Every structure is written in C-alpha cells, then in structure tokens.
Amino acid sequence: MDLLIKHKTVVAFTAFTLFCLVSLTAQSTSFTFTIEGIGSALVTPFQKIYDGGQGAVSQLWAGFTELGAIRKELQKTREQLQKYESIAGELNELREENDRLRKLLGLKEEAAYESVPASILSKDPDNWFRTIVINRGERDGVKMNMPVIAYSGGQKAVVGKVAEVRGSVSRVVPIISPDIRIGVKLMDSNYPGLLSGLSSRSTLCIMDYISKEAHLGRNTFVVTSGQGGVFPAGLIIGVVERPILVNSSAYQRAVIRPLIDFGVVEEVFIIKKEPDKDLLELLKDTE
Amino acid sequence: MIYTYVFSGVLLGLSLLIQSHPSFDVLRIAGVKPDLLFIVIVYLAYTYGSFYGEIVGFISGLLQDSISNSLLGLLTFPKMAIGLVVGMFGRSVIKDNILSVTLMLFVASLAKNIVTLMLYYIFHQASASAVIGVILPESFYNAILAPPLFFLFDKIFQKDLKREGYL
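Read top to bottom, the protein sequences are chains B and Z. 208 is the number that my numbering gives to position 208 of the first sequence; each next residue is one higher, with no gaps. When you read off a place in the second sequence, starting at 1, and then add 1000, the result is the number in my numbering.
Calculated from the structure, these hints are not laboratory results. Here the structure is a predicted model, which is why all the values come from computation and not from measurement. Each hint can be trusted.
Which residues of chain Z face chain B? A few of them, derived with a C-beta cut under 7 Å, are:
#, residue
1, Ser1020
2, Val1032
3, Glu1054
4, Asn1069
5, Leu1071
6, Leu1072
7, Gly1073
8, Thr1076
9, Phe1123
10, Glu1138
Counterexamples of contact, computed for chain B against chain Z with all Cβ distances above 10 Å:
#, residue
11, Asn98
12, Leu105
13, Asn190
14, Ala214
15, Gly229
For glycine and all other residues, C-beta sits at the position ideal for the given N, C-alpha and C.
Kindly produce the complete structure, drawing on both the sequences and the hints.
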C-alpha cells in the first residue's frame, strides 16, 4: 500500500490510460484490439501520408497545366451565372403566382410533417467535433434520426439530424460534420449523390458519387433525395460551390455551400418524421 | 487546500461553459476557438505538480468527452497526459515570464492536439488537413491567450503561490 501511495502519479497515470484505452476500444468501430488491428493502425497512417503526398503533387501539377482551361471555364461560368440569375428572378415570380393560385383554389400547404421549434443551447466545446445541443428532447416527442431544419432568407434548409435524445435536450449532427451521410440530388437534373461534411473545421460540405454526365454549374441547388429514410425529399441543402473532377474516378465530386450559416443559426425546427425503420435496420445489419 | 479545489473547479466549469455556449462563438478565429479548459489544466499542472495536473486533466477531459460528440477517452487521454508532463516540469523548471508561458502553452497545445489526432485516427477517422485547420491555429490561439490568463489565475491563487514561495 505504501508503494502505491509513493508512486501514486504513475499508478494514477496507468489506471487512467487503461480506462481511456478500454473505453475507446469498446466504442470504436474502426479499431479492433487484435494483432491485425494494432498492425493495421500502425501501418495505415504511413500509407495515408504517402497517398496524401502523391495527391498533393498531382494537384500542384494539374494547377500549372490546367490554368488556361480554367480561365475559359471561368468565362463560360460567368456567362451561365448571368443566365441563371435571370432564371432565378423568373422562378420567384412563378412561385408567387403558384402560391396565389393555390390560395384561390383553396389547396392546402404542402407541409406534410409536424415540426417542433427549438433553440440551440450549446455547441461542441472542442474544435474536433461539430455537434449542436438543442432544448427539445424525448418529452417533446423528439426521436433519433429526426431531420432538423432552419429558415434562411425565407427558405427552409437542412441543418442536420438528431443523433442523441435525452429527457429535455437532444444532440444534432449538422450537415457540415464529416460524420453525417445524406442522400441528395441536384435540383435541376436529378443526378443523385452522397453528402457529408468537408472537414472537421470547414463550414462546407462535399457531395460525392455524382455521375460524370451531370453538369455541375456554380450555384446549382442541391436538395435531399428522400432516399435513406431520414430526410423527406426536396429539402434544400445548399448550392454547388465548385466541382472536383478526378480523372481516375468513375464519379465526380462537388463542394457544396450550405444555405444555413452555422455561425449565426440560433433557432431550428425538428421535423417529426420518424425514419424508415426497415431501411435503418437494413443499414444496421450491413454495418 | 479546499480553496484550491473549489477555485480549480469553478475555473474549469467556467471555461467549459464559455467553450460550449453559442454566445461565445465570437471567440472563433478562422473557425477555431481557444481551448480555455486546456489552458486552465496547464496552469494547474504548472502550479500544483504532475499528480494534480493529471487528475484535473482526467476529470476535465471526461467532462468534455461527455458533453462533446467524441468517444469517451478521446479528449480525456491527451489532457491527462499533458497535465502529467507539464506538472513534471512545473514552476521550478519553467520560469514564470511571458515568453516561457507562451512557448509552454504552444508546445503543450501542439502535443495535445497531435495525440488527439493520433487517437482520432486510430479509433475514429481523421484527416491530415486537421494539422493546418485545427492543430496549428488552436495552438497559436492558446499560446497568445496564456500570459493574460496566467496573470489572472496568479491573482486567484495568490495565497497558494506565496505559501510555496513563487511570489
């Protein structure tokens, strides 16, 4: 006992380290405490560094060689942007006319799901994670995986989904988190893709697995596809910021700027849409 | 000693509140906010030694893990380990002046974030872009904030520092 007290710093350090390791291993999905798991964890970082370095050199070279092509593309894009801006104005007029005619005909609004307003209580205290805590929980009928939206410039857009529910608070994973995966599509052409956060610090998203046939014009709207069983179809996510074409890949990617400004959003709405249980169970089984 | 425990707890609680409340998002520079909790841990380890440093680091890390979306242990281990290392040097080795404190916080933040990145990499998924996106800016931010905060903490723990002969 005297020995333990004498070396209390070492004893405490060993105990705390063991606690952390056991806890992390028990919760982790990407690490197994086996010889293969440890070996893989040791080797993979070097493989990724090599891969990252090679990618950076290729991108740098592409930057020099593709400058002329990018200038032409920029000119073309500017012309297209002018065209789309005029279309946006026409669309607004059409929307207003549509609303007016709907009212005249006595049609109901399209809102199919009930929603609960909520305020943001806190944000993740660390720079490594991006979750938001809201003041609505189980008592208000909030359930796991319910979609969360907010209004920006009069339009409703996706904030994220509920990842954890407690009595009177819930944790929301925003669309800018690299941990989220949402089935989305391009609004004008219906080409599907998979959306997630760009990085742990960025306020942008990345849309992956887009067909190379799709034209990814700047400011093209990206909406939820309804596939995946969590988000209803047609909710606005954001607009295309820039396309990323990788010659070696069968698909193209795009950086998406969310419509919601996550730095200023304070009020959100939880859509009381229960996720498609069969689909979620299927996803759990495949994991 | 009760005074030390109570004020340590108050400081840790306050810094955690400031870090997590959306009203303090104004503290963000280039998308990164300072790790005030870590600055408090380093101060306590620097003043009260390695045992106190690792205990405070462990408890604060657990608290942060529980209110963050991280795996339990991911933010705890780096804080606990750095608390221990900083405490091993302490005030007797690292002199209490602006340059030493700034440098100590920069190196400690860098080490904490590198350990976090490694754990994040092994147990979750991480990107090397975090080095430029999170690790370096947060370390600079913590280092710049350290001297004024250490000055403030010195005032709070003045009695203890006088007793130990540091003032």
